[in-house]
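Q: Chains as they are written, first to last, in the numbering used here: chain G, 289 to 614; chain L, 92 to 342.
Treat each hint with caution, since some may be false.
[Claimed, not checked] To spell it out: a stretch of chain L is covered by chain G in this simulated footprint if at least three of its residues, at any positions, have a beta carbon under 8 angstroms from a beta carbon of chain G; those stretches are:
{"#": "1", "segment": "102-113"}
{"#": "2", "segment": "150-162"}
{"#": "3", "segment": "176-186"}
{"#": "4", "segment": "253-266"}
{"#": "5", "segment": "290-296"}
[What the hints assert, rightly or not] To spell it out: a stretch of chain G is covered by chain L in this simulated footprint if at least three of its residues, at any positions, have a beta carbon under 8 angstroms from a beta carbon of chain L; those stretches are:
{"#": "6", "segment": "452-459"}
{"#": "7", "segment": "474-480"}
{"#": "8", "segment": "555-562"}
Just so you know, the hints here were simulated from the structure itself, not pulled from any lab data. Even glycine gets a Cβ: it sits at the ideal position worked out from N, Cα and C.
Chain residues, written in single-letter form:
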Amino acid sequence: MADLIPILSYVTFFLCFAVIFAVMALGLNLQWGFTGLFNVGVAGFVAVGAYTSAILTAPPYPDSLGGFGLPVAAGWVGAMIMSGLVALVVGVAALRLRHDYLAITTFGVAVTLQLVALNARWLTGGPFGLQFIPKPFQDLLGTGLAWNMAYLAMSLAVLGLVYVALERLVKSPFGRVLRAIREDETAAEALGKRAFSFRLQSFVIGCMVMGLGGALYAHFVGYIAPEDFLPILTFQIWTMLIVGGSGNNRGAIAGALAVWLLWSLSGTVLRQIIPQSEQARGAALQIVLIGVILAAMLIWRPRGLVGEVIGTPAGKDEKGNTGKKA
Amino acid sequence: MLRLEAVTRRFGGVTAVDQVSFAVETGSITAVIGPNGAGKTTLFNCVAGLFPPSSGQISFEGKPIHGLRPDAIFQRGLARTFQIPRPFPQMTLLDNVMLAPLGQSGERVLDNWLNPVRVAREELANREKAHHWLDFVGLGALAGRPAHILSGGQRKLLELARVMAAEPRLVLLDEPGAGVNPKLLDTIVEKIAALNSSGITFLLIEHNMDLVAALSRKVIVMAEGRVLITGDAATVTRDPRVIEAYLGVAA
Numbered sequence: 289m290a291d292l293i294p295i296l297s298y299v300t301f302f303l304c305f306a307v308i309f310a311v312m313a314l315g316l317n318l319q320w321g322f323t324g325l326f327n328v329g330v331a332g333f334v335a336v337g338a339y340t341s342a343i344l345t346a347p348p349y350p351d352s353l354g355g356f357g358l359p360v361a362a363g364w365v366g367a368m369i370m371s372g373l374v375a376l377v378v379g380v381a382a383l384r385l386r387h388d389y390l391a392i393t394t395f396g397v398a399v400t401l402q403l404v405a406l407n408a409r410w411l412t413g414g415p416f417g418l419q420f421i422p423k424p425f426q427d428l429l430g431t432g433l434a435w436n437m438a439y440l441a442m443s444l445a446v447l448g449l450v451y452v453a454l455e456r457l458v459k460s461p462f463g464r465v466l467r468a469i470r471e472d473e474t475a476a477e478a479l480g481k482r483a484f485s486f487r488l489q490s491f492v493i494g495c496m497v498m499g500l501g502g503a504l505y506a507h508f509v510g511y512i513a514p515e516d517f518l519p520i521l522t523f524q525i526w527t528m529l530i531v532g533g534s535g536n537n538r539g540a541i542a543g544a545l546a547v548w549l550l551w552s553l554s555g556t557v558l559r560q561i562i563p564q565s566e567q568a569r570g571a572a573l574q575i576v577l578i579g580v581i582l583a584a585m586l587i588w589r590p591r592g593l594v595g596e597v598i599g600t601p602a603g604k605d606e607k608g609n610t611g612k613k614a
Numbered sequence: 092m093l094r095l096e097a098v099t100r101r102f103g104g105v106t107a108v109d110q111v112s113f114a115v116e117t118g119s120i121t122a123v124i125g126p127n128g129a130g131k132t133t134l135f136n137c138v139a140g141l142f143p144p145s146s147g148q149i150s151f152e153g154k155p156i157h158g159l160r161p162d163a164i165f166q167r168g169l170a171r172t173f174q175i176p177r178p179f180p181q182m183t184l185l186d187n188v189m190l191a192p193l194g195q196s197g198e199r200v201l202d203n204w205l206n207p208v209r210v211a212r213e214e215l216a217n218r219e220k221a222h223h224w225l226d227f228v229g230l231g232a233l234a235g236r237p238a239h240i241l242s243g244g245q246r247k248l249l250e251l252a253r254v255m256a257a258e259p260r261l262v263l264l265d266e267p268g269a270g271v272n273p274k275l276l277d278t279i280v281e282k283i284a285a286l287n288s289s290g291i292t293f294l295l296i297e298h299n300m301d302l303v304a305a306l307s308r309k310v311i312v313m314a315e316g317r318v319l320i321t322g323d324a325a326t327v328t329r330d331p332r333v334i335e336a337y338l339g340v341a342a
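Starting from the given sequences, assemble the full structure and let the hints guide the process.
A: Next up, the structure:
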């Protein structure tokens with residue numbers, strides 16, 4: 289029985305991260321899967337959420353702004369609002385761009401945000417990051433397995449809420465317009481839809497969800513630093529979405545679970561088979577592995593594990609025919 | 092209903108549409124014909140707002156519309172179809188048509204979360220209407236299928252159903268008969284005539300003179316960006332200037 293505790297501990301820890309990544313992947317899915325917005329700045333918007341929530345909820349920091357000591361829930365809401373505001377500014381400036389141009393711009397924004405986190409000591413604590421980010425209900429549950437499980441439950445509740453809210457959105461007339469814009473923007477505009485406005489809304493909502501994911505991360509780990517928000521994070525979230533199946537929210541969640549599982553397993557295996565002296569370089573193999581999986585999926589199963597289902601509930605015929613059957 | 096005054100559109104040094112003026116009467120079917128490169132589609136794009144005219148005025152129901160965005164023009168009741176149809180391929184036919192109606196509350200984010208009952212009620216009515224239009228063009232049986240399976244002619248019909256779902260008062264049709272097999276062509280002519288007798292005004296570009304003669308009493312012939320002559324189908328096809336524009340000067 290005593291042997292089970294560390295395993296249970298690890299599984300809880302693992303699932304917490306998977307759930308947090310799933311939230312971020314859902315945000316990206318609204319943008320890419322449903323609207324076709326090539327956002328390669330995921331890490332930047334996650335960082336905005338993480339730092340905002342940390343600053344709002346932590347005890348006063350001696351050398352930097354913030355430490356307002358607000359409740360964690362206020363931090364989460366604040367994270368969404370701040371990520372949404374940053375997305376609004378970026379979106380107004382950049383969303384007229386298409387495809388790779390939007391990708392380059394959002395990538396640049398994310399790198400800039402990461403550099404701000406690294407250098408604006410008064411705001412972000414600089415390279416040392418922010419510590420003492422409160423873990424909700426820690427007084428009650430301590431720091432062990434019980435707290436991890438409680439946090440997993442909270443994260444799952446947040447994920448469920450985000451999933452339901454986004455599902456309702458993508459299956460609505462709003463979601464129908466997003467998909468129309470994704471398929472043919474000129475045709476959508478010729479049918480009275482102002483594409484820019486819909487693209488902007490999709491971008492802002494998606495980034496708010498990413499920011500919420502960042503806040504969940506910050507309060508789980510209790511400590512954030514600029515190196516947590518490098519482009520590799522964006523790459524991971526993208527892989528999760530593509531592997532799971534973009535254009536399907538259940539796919540995004542499945543992808544987060546699958547890719548995080550592979551990432552964790554490969555990390556463990558690599559640590560065991562690579563000699564101590566080469567460990568640092570060996571870790572790069574993890575990234576190679578994820579890249580290989582991504583490429584393989586794109587070749588053999590481009591729709592992902594669970595691909596997009598064609599037809600909104602209203603847009604299917606009487607027999608519930610989605611158009612997938614011959 | 093639609094009035095063009097000295098509409099000109101230049102692309103760099105090329106004047107694709109040159110001082111074009113004409114009016115479309117309410118309830119009519121007006122055809123624009125002319126050889127390739129005459130500027131017909133460019134003219135349509137100016138009217139529909141895809142790009143603004145370089146100079147000149149366009150008014151719809153008495154109000155100026157030149158310089159408005161395509162979505163704003165559509166919302167005023169002026170719809171257009173494309174020469175090469177543009178269905179949303181990964182969406183069902185039903186979703187293609189249900190997209191079009193104006194003023195859907197479910198297109199606002201918050202209404203979907205705060206007022207789902209109203210959105211669902213509207214969707215139900217919208218769906219009935221979309222089925223009606225798909226049945227009207229004879230695509231009812233394919234309502235639940237993705238649009239990419241359609242043939243070229245069926246795509247033209249889908250575009251017609253799609254714009255009609257928004258209840259426009261004037262419809263611009265860019266070559267409704269191009270690439271359509273003869274049997275389907277009869278269907279298209281019949282549908283346009285039926286819609287016209289229910290009060291919808293049409294302005295169409297067409298090369299098929301049988302279709303033009305069957306539908307429109309007023310034909311505008313364009314060549315090299317200008318209006319050559321205006322008249323009925325029989326008159327313009329006999330006019331030597333029209334023959335010259337199409338075939339060149341006789342040796």
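Q: Decide, hint by hint, whether the structure agrees.
A: Hints versus structure:
| no. | hint | result |
| --- | --- | --- |
| 1 | 102-113 | violated (count 0) |
| 2 | 150-162 | holds (count 3) |
| 3 | 176-186 | holds (count 9) |
| 4 | 253-266 | holds (count 3) |
| 5 | 290-296 | violated (count 0) |
| 6 | 452-459 | holds (count 3) |
| 7 | 474-480 | holds (count 7) |
| 8 | 555-562 | violated (count 0) |
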